[in-house]
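Chains as they are written, first to last, in the numbering used here: chain A, 1 to 366; chain B, 1 to 374.
Just so you know, these hints were derived from the structure itself, not from any lab. Be aware that one or more of the hints could be misleading.
Only pairs whose alpha carbons sit at most 27 Å apart, straight line, appear in this in silico DSSO-like list of lysine-lysine [as the list claims (entries may be wrong)]:
1) B:K285 to B:K302
2) B:K366 to A:K87
3) A:K337 to A:K288
4) B:K302 to A:K87
5) A:K87 to B:K95
6) B:K39 to B:K184
7) A:K108 to B:K95
8) A:K86 to B:K334
9) B:K366 to B:K287
10) B:K287 to B:K334
11) B:K184 to A:K87
12) B:K366 to A:K288
13) B:K302 to A:K86
14) A:K167 to B:K95
15) A:K86 to B:K366
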Amino acid sequence: MSPHQFDIQLVAIIVAASCSIPGAFLVLRRMSMMTDAISHSILLGIILAFFIVKDLSSPILIIGAAASGVLAISLIEAVNRSRLVKKDASIGIVFPFLFSVAVILLSKYARNVHIDTHSVLLGEIAFAPFDRFILSGMDMGPKSAYVMGSILLLNLFFISFFYKELKVSTFDESFASSIGFRPRLIHYLLMAVVSFTCVGAFDAVGSILVIALIVIPPCCAYLLTDSLSRMIFLSVVFGISAAISGFWVANWLDVNIAGSMAFVCGVFFLVVFLLAPERGLFGIMREKRRQRMDFAEASLLVSLYNQEKGEAVKNHPDSRGMFRSADFASKVVGFLKGKGEIAVTGGGLFLTEKGRERARMTLEGR
Amino acid sequence: MLEFAVELFSDYTARTILLGAASLGVVSGVVGSYAVLRKQSLVGDVMSHAALPGIVLAFMIVGVKEQLPIFIGAALSAVLAVFVINLVTQNSRIKIDSAMGMALSVFFGLGLVLLTYVQRMPDANQAGLDKFLFGQAEALVEKDVLIIGLTGLFALLVVGLFWKEFKLLCFDPDFGGTMGFSMKSLDMLVTAVIVSAIVIGLQTVGVVLMSSMLIAPAVAARQWTGSMGSMVILAALIAAVSGVTGVALSAGFENIPTGPAVIVCVSVIAFFSVLFSPNGFFTLKFKDARSRREIKKDYVLKVLHDLALEHDDPGYAHSERLLALGSEKGFNVKKSLWALQTAGYVESVGEDNWRLTQSGIHEVKKLSPLEKGR
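Just chain A, with the same shape it has in the complex (with noise of 0.2 Å):
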């Protein structure tokens, strides 16, 4: 590994996990796609900042474009309440301006500058190492390490000093206000936060990759854990494994780093939907299986045992006319009777002493 993909792989690994952080509240506020709308108007904050201070690696242009994202949301926001747009529909027609004005401007008046329409969507992770932050006459790092880093210690700031409001207004907005928490407050903070983590991580993967970041992490973990500090911590890890190893696959193929890394988070989430112990779609199925075979088998059971007792229909004699197929019952007759609940004799189904028991208690509902 050479010391610039080491670098890389160190701005990646900032990004990742302070994408991950304030993602975790976006996904379970059902806010991800807003991720969309400040990562695209924060373009136009920085571009306006950039007009007026004319110098690219000014915090000027940080703040600048940290706000235009929280005035993105207020603007969504107040043109939802006018209650003449829908809420999608509000979020689909001010991010969209917001970015081809930026577009347009960029296109014209900052041809020359660093930044072009490529870089914004593209990110250009590959070239963070070349700017150096030098402390004097030192070679410190990479500059963007420490914008990111600086960004990253932000979030875990405010993540760690308003846990428990966040925790309480993301789950319940209403009691969160009746206990004096101001749900209200907290959400702007955090679009703030998270429209500064997008504004640092713009530079790195661009505006459309950083939802990525933002958003898939966070969905793994919440398909593995019920805890929050876990799913937060959870987010963190795969976001940093999705950029370690969205690296080195752009690496071997010769492609762009960023997509690479949002492709990663794809395929991990992937597995996870998969594959998850209890949430994942191999876990659900055969949890469904494992019910019908339970209900099944307390069915045949139970007929069997109004049988024996006289009070149900004589018609079947070994009831496996009860099933749809003749497969399944057979499927289920060999489960019985591998547990010894059921016994065949002569072609008709008779409950063992086990078997009996296991039906009494379906019946009295045990």
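Based on these hints, arrange chain B on the given structure of chain A.
Same frame as chain A, now just chain B:
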């Protein structure tokens, strides 16, 4: 400006391009109305971004920048994204917004990976593939416009044929289901129609901003009308006009990409409509202020009358200060008095003293019992 317009319309290439932009507008206006009414605006956003890997893959397989394979590739990957969203939301506790965010970014990310992969390939044929990001209408040729037109015609035909059914789907799918229509197939059909609109917008507006071309015209049109038919027509008109204007702007000035130019036009119309349509934000505020003024006027008239009656003379004059004393805080009595004077209901006598005129007395009698009781 006029000269520029004449030049634009007389030039063959320009006419082709404008025709393409206009047909794109008509189709996306019509189809977008369904996306907006069904509260699926953001699905359009996801689908247009998700078209990117399909475009690049189609190019990689076919090897040339042929339009039809690219359309098919784009449509397939957009539909796949919708399928993934449904799969994830139906089989896990992931909510629709997160599923959309994931589908959008993963598909787009894959698209960028493929795009950068293709761009490394030695033959330079792929140049211009990234024009699909922000669109470039200048690249449209007659054949492209023909395909755009045909695809659009198909979409419009479907909308026309299933007009009633789509209406049911938008406003009362449960009722539609009980009437025996398969809402699931209709839903798929609407998705197909939206995808075809997205596909034809790729060259002109680009994947990144295409969603807005669906949403904004419909939002704008919705502000002006409550009828489905006129909404669809108006949206088509708005989108066509913005499409043509945007393309013309982008062609007429240097360094303006087509997609953003079109989207700025259509968004300006949408915001204007939200603010100033008959039910718009400012219009309502204005109406509100006017009715408040009316109420205040009636109130002052009434107070003047009540006070005058104490003197057994309906025309007895009272000072403005006295009137102000009897009213709520922050109530500008003077403004109301001026308005009443203009209407001829009160007249001023001497310094700041006001009394009812004959028509004013008549007007008080006309006030509703509710007003009188205050």
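* Hint numbers not upheld by this structure, sorted from lowest to highest -> Violated: hints 2, 4, 7, 8, 12, 13, 15.
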